[in-house]
Amino acid sequence: MSVRSTARGRRGARPTSQTTSDVDRAIENLRQLSQKIAKDMDEAIKALQESMKKLEESLSGGGR
Numbered sequence: 040m041s042v043r044s045t046a047r048g049r050r051g052a053r054p055t056s057q058t059t060s061d062v063d064r065a066i067e068n069l070r071q072l073s074q075k076i077a078k079d080m081d082e083a084i085k086a087l088q089e090s091m092k093k094l095e096e097s098l099s100g101g102g103r
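According to the numbering used here, the residues represented by the sequence shown are 40 to 103, in order.
I should point out that these hints are in silico values taken from the structure, not numbers from a laboratory.
Every residue gets a Cβ at the ideal spot worked out from N, C-alpha and C, and that includes glycine.
Heads up, some of the hints might be wrong.
[Claimed, not checked] Here are the simulated lysine-lysine pairs, DSBU-like style, with alpha carbons at most 35 Å apart:
(1) 92 with 78
(2) 92 with 75
(3) 93 with 75
(4) 85 with 75
(5) 93 with 78
[As the list claims (entries may be wrong)] Pair by pair, the computed Cβ-Cβ distance ranges are:
(6) 97 with 66: 27 to 37 Å
(7) 92 with 60: 44 to 54 Å
(8) 70 with 91: 29 to 39 Å
(9) 60 with 99: 26 to 36 Å
(10) 56 with 76: 26 to 36 Å
(11) 69 with 91: 27 to 37 Å
(12) 85 with 64: 28 to 38 Å
(13) 96 with 60: 52 to 62 Å
Construct the complete structure from the given sequences, taking the supplied hints into account.
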């Protein structure tokens, strides 16, 4: 028996370290975090666009 097949056999026999509910909870937490990051990025982009608009207006003399 090769080392590779022995290692594979042990890996398959190992019990899972997390329950399904733990994994589901972790997935939900990641989903919520992803949504928050997307929202925060949208807000940051809008703020940056507004700043760029104000800068362009001031450089072109439109902000006087």
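Okay, which hints does this one fail, numbers in order? 6, 9
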